[in-house]
Amino acid sequence: MCSLCGVLGGEGDWTDTPAVAASGVPAMRRAQRLQRVRVANAVLRRFGLVLADWEGAKYQLRSSTGRVELIDNLAQVWQAAERCIGRACDPLDPALIADIEQNERMS
Amino acid sequence: MPDQSGYIPVNVITGFLGSGKTTLLQRLLANPALKDTAVLVNEFGEVGLDHHLLRRLDDEIVLLQSGCLCCTIRGDLSAAMNDLYARRERGEIAEFRRLVVETTGLADPVPILSTVMAEPVLRHHFRLGNVVTTVDAINGLTHLTAQEESVKQAAVADRLVITKTDIASAPEVAELRDRLSRLNPAAPQLEVAPHLAVDPDLLLTRDLYDVRGKVEEVRRWLAIETEKTAEGSHHHHVDVNRHDARIHAFCLRFAQPLDWTAFGIWLTMLLHRHGNDVLRVKGMLNVGDTGGPVVIHGVQHLVHPPDHLPAWPDDDRSSRIVFIVRTLSREAIERSLAAFMRLAPPTAAAAV
Numbered sequence: 001m002c003s004l005c006g007v008l009g010g011e012g013d014w015t016d017t018p019a020v021a022a023s024g025v026p027a028m029r030r031a032q033r034l035q036r037v038r039v040a041n042a043v044l045r046r047f048g049l050v051l052a053d054w055e056g057a058k059y060q061l062r063s064s065t066g067r068v069e070l071i072d073n074l075a076q077v078w079q080a081a082e083r084c085i086g087r088a089c090d091p092l093d094p095a096l097i098a099d100i101e102q103n104e105r106m107s
Numbered sequence: 001m002p003d004q005s006g007y008i009p010v011n012v013i014t015g016f017l018g019s020g021k022t023t024l025l026q027r028l029l030a031n032p033a034l035k036d037t038a039v040l041v042n043e044f045g046e047v048g049l050d051h052h053l054l055r056r057l058d059d060e061i062v063l064l065q066s067g068c069l070c071c072t073i074r075g076d077l078s079a080a081m082n083d084l085y086a087r088r089e090r091g092e093i094a095e096f097r098r099l100v101v102e103t104t105g106l107a108d109p110v111p112i113l114s115t116v117m118a119e120p121v122l123r124h125h126f127r128l129g130n131v132v133t134t135v136d137a138i139n140g141l142t143h144l145t146a147q148e149e150s151v152k153q154a155a156v157a158d159r160l161v162i163t164k165t166d167i168a169s170a171p172e173v174a175e176l177r178d179r180l181s182r183l184n185p186a187a188p189q190l191e192v193a194p195h196l197a198v199d200p201d202l203l204l205t206r207d208l209y210d211v212r213g214k215v216e217e218v219r220r221w222l223a224i225e226t227e228k229t230a231e232g233s234h235h236h237h238v239d240v241n242r243h244d245a246r247i248h249a250f251c252l253r254f255a256q257p258l259d260w261t262a263f264g265i266w267l268t269m270l271l272h273r274h275g276n277d278v279l280r281v282k283g284m285l286n287v288g289d290t291g292g293p294v295v296i297h298g299v300q301h302l303v304h305p306p307d308h309l310p311a312w313p314d315d316d317r318s319s320r321i322v323f324i325v326r327t328l329s330r331e332a333i334e335r336s337l338a339a340f341m342r343l344a345p346p347t348a349a350a351a352v
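Chains P and B are the protein sequences, given in the same order.
Take the first sequence: its letters are residues 1 to 107, numbered as in this note's numbering.
Take the second sequence: its letters are residues 1 to 352, numbered as in this note's numbering.
Rather than coming from a laboratory, the hints here were simulated on the basis of the structure.
Among these hints, one or two may not hold up.
Now the stretches of chain P that chain B is said to cover, found in silico as 3 or more residues with beta-carbon under 8 Å [said to hold, decoys possible]: (1) 39-47; (2) 50-58; (3) 69-81; (4) 86-95.
Note that the structure is predicted; figures quoted are calculated from it, not measured.
Beta carbons: idealized from backbone N, C-alpha and C, even for Gly.
Given only the sequences and the hints, what does the whole structure look like? Please build it.
See the structure below:
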């Protein structure tokens, strides 16, 4: 699936693929979905955004100004995020990388 | 069953004008192993193709609303593939087990790849197989220097076929091979000349989805352990006007297991912002699972569904990711991915 315009068939995005076969169990799928939300929020909060699971079917992205977007999968989150904040979300931005390096401990 | 994956594999044969695509196709189709192959061509060229499942494509391009450039769907290809599949299901044509699409010499191959990978109906019946790019030993270097399409065709290849080696000099062939290996080190290079046999198994059949070829294919990608760059080598003079001067390939290696969730978030973000400049990404990831590695494979903004290998291809358990990029710096990508791994939940890290 295209990570830029994930509109081409919302279902079955590659980011929904579990890392282990046991993730086919519903409880594991749910836990993995929530884990995706937690990790995404660790990035998104640096842009003033919060992601939440929406009924296990979509994700809800909310900006600090109250703007809300519903998205199908994580591949679409960055396009929605950029619409919300009006600027680029660039993982190669040296300031973003430095912020993560300084404020997140090594796991 | 079309193949072990349950999908009909689609091979794209691309290459610059006059580089020998149709001749290669003609020789491949003469092999009995490919008798159940349907063929879509852009034009009926000078080289006659005599095949019972041959269709012509018209150049109709559809840019999806709100779509990015690499998700330009080739409307003609989509319609032709859907039609072929429907007629196959109705029993009107032979039950083909493979489809080969030959592009025009000037085509950017990415819209063709994105049509196969992302078109909502097609992706339930077809899957992308090896992309085969022909490069002419006589004119290939000139094309790579002057034509961006030629560079892109070589960069997205799974197999590079060097043609006309029988009429080129050995130094010409060696220089072309060197340039191609810096541009796309993950793709094996094969020479084709009238006196050399064409192996359909190596070119088309053995791919990431083939049970026999899967581990071998991944091992081939990972043969690149040192950075090979079109601009970075001290041994090569580089003309900045050259179209492949900004395209380079490198392999990142991570000794510690990578958190799959953090990796997915990082890669979607990278491809969203820089997908136009990530021509290919291929990798084998240790995600801390006790089984084999997870294989990832993408072209620009498009990522294939990840696959789990049943076992590691060697004793090395580190994650290795090959990037073929335009302008992006290896250092920035490596540092960014390492930083995002700090976002992995501690429990996940403890588990690995």
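In ascending order, which of the hints set out earlier in this document are inconsistent with the structure?
Structure breaks hint 2 only.
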